[in-house]
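**Q** Sequence:
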Amino acid sequence: MKLRLARHALGDAVVVAVEGELDLFTAPFLRDEVRDAIKQDGARLVLDLQQLSFMDSSGLSVLIEAWRLATGEGGGVSLAAPQAPVARILRTTGLDRRIKVYSDVDTAVGEI
1 MKLRLARHAL GDAVVVAVEG ELDLFTAPFL RDEVRDAIKQ DGARLVLDLQ QLSFMDSSGL
61 SVLIEAWRLA TGEGGGVSLA APQAPVARIL RTTGLDRRIK VYSDVDTAVG EI
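Position 96 (the sequence shown) corresponds to 96 in full-length UniProt numbering; numbering is contiguous.
Any given hint might turn out to be false.
Here are the computed distance ranges between Cβ atoms for each label pair [unchecked claim]:
1) L10 / G74: 17 to 23 Å
2) G72 / D12: 15 to 21 Å
3) G11 / R88: 28 to 34 Å
4) S57 / D32: 17 to 23 Å
5) E111 / I64: 18 to 24 Å
6) P85 / G42: 17 to 23 Å
7) S58 / G110: 28 to 34 Å
8) D56 / D12: 16 to 22 Å
9) Q50 / G94: 18 to 24 Å
10) E73 / L95: 25 to 31 Å
11) G94 / H8: 18 to 24 Å
12) R7 / S61: 16 to 22 Å
No lab work stands behind these hints, which were simulated from the structure alone. Note that the structure is predicted; figures quoted are calculated from it, not measured. Note that CB positions come from ideal geometry on N, CA and C, so glycine has one too.
Kindly produce the complete structure, drawing on both the sequences and the hints.
**A** And the structure:
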């Protein structure tokens with residue numbers, strides 16, 4: 001399955017919806033989208049993971065880079081609505097302790 005990305009503003013944050021599989025081949029597309037979003041729309045970023053069905057270590061690397069870029073610009077990153085397989089990876093690696101995970105996009109935007 002391909003990776004699909006959609007970006008929109010919500011309040012004073014930018015939301016990037018991620019759909020499909022995030023792996024070695026698709027991670028560069030999300031990396032570019034995150035960089036563009038932070039550069040163009042600001043450093044308050046929410047990644048909507050509701051439609052993300054798979055993520056490997058390449059995807060984790062992109063999430064860490066997004067967090068570093070956003071916090072370096074005085075903002076932050078929140079993750080919204082990850083499916084069970086993705087949430088398990090976030091918990092197993094401990095990334096959910098560094099990047100906050102919320103049950104829905106609206107809550108993530110309100111807390112970032």
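**Q** For the pair G11 and R88, does the Cβ-Cβ distance stay inside 28 to 34 Å?
**A** holds, 29 Å
**Q** Are E111 and I64 spaced within 18 to 24 Å by their CB atoms?
**A** holds, 19 Å
**Q** Is the distance from the Cβ of S57 to the Cβ of D32 consistent with 17 to 23 Å?
**A** holds, 18 Å
**Q** Does 16 to 22 Å hold as the CB distance between D56 and D12, or does it fail?
**A** violated, 32 Å
**Q** Could you say whether the range 28 to 34 Å given as a hint is met by the Cβ separation of S58 and G110?
**A** holds, 30 Å
**Q** Does the Cβ-Cβ separation between Q50 and G94 fall within 18 to 24 Å?
**A** holds, 22 Å
**Q** If I claimed the Cβ atoms of E73 and L95 lie 25 to 31 Å apart, would that claim hold in this structure?
**A** violated, 20 Å
**Q** In this structure, is the beta-carbon distance linking G94 and H8 contained in 18 to 24 Å?
**A** Hint violated: Cβ distance 30 Å, outside 18 to 24 Å.
**Q** 15 to 21 Å was suggested as the range; check whether the CB atoms of G72 and D12 agree with it.
**A** holds, 18 Å
**Q** Does the beta carbon distance between P85 and G42 stay inside 17 to 23 Å, or does it fall outside?
**A** violated, 30 Å
**Q** Just tell me: holds or violated, for the beta carbon distance of R7 and S61 against 16 to 22 Å?
**A** About 20 Å separates the Cβ atoms of R7 and S61, which means 16 to 22 Å holds.
**Q** Given a hinted range of 17 to 23 Å, is it respected by the beta-carbon distance of L10 and G74?
**A** Holds - the Cβ-Cβ distance for L10 and G74, about 19 Å, lies within 17 to 23 Å.
Hints 6, 8, 10 and 11, counting from the list given before, are not met by this structure.
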